[in-house]
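Protein sequence lines, in the order shown, are assigned to chains A and D. The opening residue of the first sequence carries number 11 in our numbering; numbering runs sequentially from there. The opening residue of the second sequence carries number 3 in our numbering; numbering runs sequentially from there.
You may find that some hints are simply not true.
[Stated by the list, open to error] Computed cross-link-like contacts, SDA-like style, restricted to lysine to any residue with a CA-CA straight-line distance of at most 25 Å:
| hint | chain 1 | residue 1 | chain 2 | residue 2 |
| --- | --- | --- | --- | --- |
| 1 | D | K76 | A | L72 |
| 2 | D | K320 | D | H38 |
| 3 | A | K287 | D | Q426 |
| 4 | A | K241 | A | S222 |
| 5 | D | K151 | D | S243 |
| 6 | A | K241 | A | S127 |
| 7 | A | K287 | D | G195 |
| 8 | A | K287 | D | A423 |
| 9 | A | K287 | D | Q134 |
| 10 | D | K151 | D | E168 |
| 11 | D | K76 | D | W196 |
| 12 | A | K287 | D | K151 |
| 13 | A | K287 | A | Q98 |
| 14 | D | K76 | A | N70 |
| 15 | A | K241 | A | L210 |
| 16 | D | K320 | A | L72 |
| 17 | D | K76 | A | W63 |
| 18 | A | K287 | D | G199 |
| 19 | A | K287 | D | A429 |
| 20 | D | K320 | D | V63 |
| 21 | D | K76 | A | K241 |
| 22 | A | K287 | D | V63 |
[To be verified] The following residues of chain A were derived to be distant from chain D, with all beta-carbon distances above 12 Å:
| hint | residue |
| --- | --- |
| 23 | W38 |
| 24 | V52 |
| 25 | L237 |
| 26 | G303 |
Please keep in mind that the hints were generated in silico from the structure rather than gathered at the bench. Every value quoted in this text rests on a predicted model; they were computed, and no experiment measured them. Idealized CB from N, CA, C, for every residue including glycine.
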Amino acid sequence: MNNTRALAGRISESAPPRSHLHRQRMIWAYIFVSIPIIGLLVFSLIPILFSGWVSLHEWNMLSPVGEMPWVGLENYIYLLTQDNVFRQALVNTFVFVIGGVASNVVLGLGLALLLNSKLRGQSLWRVLYFLPVVTAPLALGVIFAFIFNRNYGLINSILVGIGIPRQPFLSSPYQALFVIILMAIYQYVGYYIVIFVAGLQGIPQDYYDAASVDGANAWQRFWRITLPLLKPVMLFVVVTNTIGGLQVFDLVFSSTAGGPVNSTQTIVLHMYNTAFKFSRMGRASAMAFILFGIILVITIIQLRVLRDRTERS
Amino acid sequence: MLFRKALLLFGLCLILALGVSLVSAQEPVTLRILTHWGEESFLAGQDALYGSCEAQTGVNVELEAVAFNDLLTKIIANQTAGTNSDIIHAYNLWLPDFARSGLLSTPPQDIIDTISANTSEGVVQGVTSVGQIWGWPTEVNTYLLIYNKRLLEEAGYTEPPTNWDELKEMSAAISQTDDTGAVTQIGYGIITGWDSGVVHPWATLLQSNGGQYLNADETATAYNSPEGLETLQLYADLVESGGTDMSMAAQAEFTNGRVGMMIMANWWRSGLQNAPGVDYETEVGVAPVPVGPSGDETSTMSYNWLWSVTSTSPNQEKAWEFIQCINTPAAEGEGSPMGEYLVNVLGAIPSMTYDQEAFAEDLGDHFLAPFVESVAYALPEPVVAGGQEVKTRLQAEIEAVLQGMQDVASALEFASMEGDAVLQEFAQ
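Whole structure, please, built from the sequences with the hints as guidance.
Shown next as C-alpha cells:
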C-alpha cells in the first residue's frame, strides 16, 4: 500500500498536473472545432445574415453597401402582392417539385426493386441508369431540345409514326414545363435508384423468408415488409428531392431560360434574373428568404409526417 | 569606424532604392480590360489591336473576355469583390445604373470633344446618361430586314417587301409544311426567349409605323398606342397566316436556309458569313424595315457599345490615354486601330465617322452598306434606368401574343402598365 502511494506520488510529481493537461487538451479541442465554425460563419452564416439585411434594402451591387437605401419589407410586399412573374415561378416550381418527387419516388423504387431482383447484368443496368446523373445539365438541355423539337425531333417522328399529331413540346407554354420535369426525372432517377437499392439491400432476407413461410404473396411482402422498412430511405429521398426541386435552376436555364412566356420560370431562375439582369439585389435576396421559408416549412412537415410514420412502423 | 560603416550602408541603401525606383518607373502600367469579344477569332484580332498602342502609351494589357450573357454579371461581381477591371466594354443600356452607382470615371474633356465632333447625334445620345458622355463609342448596331434571296425568288418575288401588306403576303407564300405537319420553312422569323432579340426588331417595326418606344422625355412607355397595336397585330397576323411559326428557332434556321426574312442587327454578319445553309455573297440580302400602314418612312433602332474606365482604377489617366490611342487614326484620312478591328475582324460598324470614311470600301459590302446608311436615320434605344426591365416585360407580352395566350390590346396595356411602373420607380 505504501509502495503504491509512493509510486503514485512519483507519477504525480513527474507528470504535468491533471488540470493543466485538461486545459491544454481543451485548448486544442477548441482550436480544431473553431476551424469549421469559422468556415461556417464566414462562408454561410454571415452571407445569409447579410442577404437578410440586403433584402430590406434596395441595392444594385454596384453602389457601396453603406449607401443602400432602406426599404423595410417593401421587397417582400412587392413579391407577394405585385410580382406576377414571381407568382408564376412559385406555381411552376411547385408543379415541378410535385411531378418530380412523385415520379422519382415511384420510378426510383420500381426500378430499384427490379435491379435488386435476380436480373441479369445488374451492374450494367445500374451504370446505365446512373449515367445521366453525371451528365452536365447543359448538355442534357441541348439534347432534350433536339429530341423534343417539333419539326425534326425524334419524339415527334415517333408520334407521327403512330398517328398522333406533332406536338410543340418545348415551344409550347402548356407543355414545356412537363418536358423539363421529364428531363429532371431522366437526370436524377438513377441517383434515387442507387439510394433505394442500398435501402433494399439493408432489409434482412429472413423477414421475406418468414413471410413466405406464412404464405404471404409478393404484393403482401412488398406492402408489409419492404415499404415500411424503406421509410427512412423514403424520407431521405422525398426531403432531398423536394429541396433540390425547389432550387431547380440549371435544367431550366440551359433548356428554355424560363420561356416560353415564363411558363418554365422557376423561383431560383427568377431570382438570378432579378439580381443579375435587373440589378435588384434587395428583391432577389427577399426571394431567397421566401424560398428559404418555403423549404423550411415543407421540410418540417415532411419530417413530421414521414418520421412519425417511420417511428410507428 | 562604426560611423563610416553606417555611412557606407546608408549609401548602399540609397543606391538600391534609387535603382528600384528607376526600374519601377520604367515598368509599364498593367491595364485590365474586360470585353465580351471572347470568340477565338475575335481574341486573336484584339492582340493586334491593343499591341499597337501598348508600347506607345507604356501599358501592358491584361485581357479578360467573357460571353455577352455573362458580361454584366462579371462587371457586377468584380465591383462587389473589389476586383474591377481598369477598362470595361459596356452595352449602353447599362449606363444609367453604372452612372448612378459611380462605377465609371468621366472621360477627359478632350476625349469628349473628339467624340462629339466625330460621331452622329444618335451615337452621342447612345453613350450619354444623365447629361454626361461616359465612354468612347465602339460598335454601333442597327436593325434592318435581312432576307434570303433564294427563298423569295422561289416564292416568286424578286424584291424584298417595302410595306407590311407585302411582308405578310410574302411570308405566307414562302412558308412550307410537309405531309407530316412539320414546318420546313417560314417566311418571317421572330426571335423568342431573348429580350433584345424580341423587342428591338418589334420596336423598329413600331417606329416604321410611326410609333414610339418611349415618350419624348423617356419617363413613360409610348408603345401602347394605335401604332403599337397595329405592330403587335402584325405579329398576330403572321402567326395566323402561317407566315411565321414559333416552333422554328428563327436565328438558327435562317442560317440553315429555312427562314425567308427577319429583322436583325448588323453584328450578325460574321454568323451569316459562316452559315451552313445560306450563301452570304449570293443569297443574303438587306433592305430597310418595311413601312407600316400608319408610318410615312422606314425607321430603325440603334444601340452602342463603349469603352469606359472604372472609377476604382488606379490608372485612370493611362487608361483614357490608351483608349484614345486605339481610337485615334495615325494620320489624317486613315482609320483608327479600333475602327480596323471593328470592320475587318468583327464585321461591325464603327461609331467614329472618320473610321466609317476610312473603311468605306470594306463597309461598302452588300450586307453592311445599308446598315451604315441606316446609322444616319436610326433612333437610339433610350438609355434609361430600368430599361432592361421594361424590355423584358414587353418581351413576355409580345411572346404571349405570339403563343395565342393573350390578345393584342391586353398584352400591350399590361406591358405598358408594368413598364411605366418600372420607369416611375427609377425616376423617383
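Do the hints match the structure? See the list:
no. : hint             : in the structure
1   : D:K76 to A:L72   : holds, 12 Å
2   : D:K320 to D:H38  : holds, 22 Å
3   : A:K287 to D:Q426 : holds, 19 Å
4   : A:K241 to A:S222 : holds, 22 Å
5   : D:K151 to D:S243 : holds, 21 Å
6   : A:K241 to A:S127 : holds, 20 Å
7   : A:K287 to D:G195 : holds, 14 Å
8   : A:K287 to D:A423 : holds, 18 Å
9   : A:K287 to D:Q134 : holds, 24 Å
10  : D:K151 to D:E168 : holds, 15 Å
11  : D:K76 to D:W196  : holds, 19 Å
12  : A:K287 to D:K151 : violated, 37 Å
13  : A:K287 to A:Q98  : holds, 18 Å
14  : D:K76 to A:N70   : holds, 13 Å
15  : A:K241 to A:L210 : holds, 11 Å
16  : D:K320 to A:L72  : holds, 23 Å
17  : D:K76 to A:W63   : holds, 23 Å
18  : A:K287 to D:G199 : holds, 15 Å
19  : A:K287 to D:A429 : holds, 19 Å
20  : D:K320 to D:V63  : holds, 11 Å
21  : D:K76 to A:K241  : violated, 45 Å
22  : A:K287 to D:V63  : violated, 28 Å
23  : W38              : holds, 35 Å
24  : V52              : holds, 15 Å
25  : L237             : holds, 43 Å
26  : G303             : holds, 25 Å
Comparing the model with each earlier hint shows violations of hints 12, 21 and 22; every other hint is respected.
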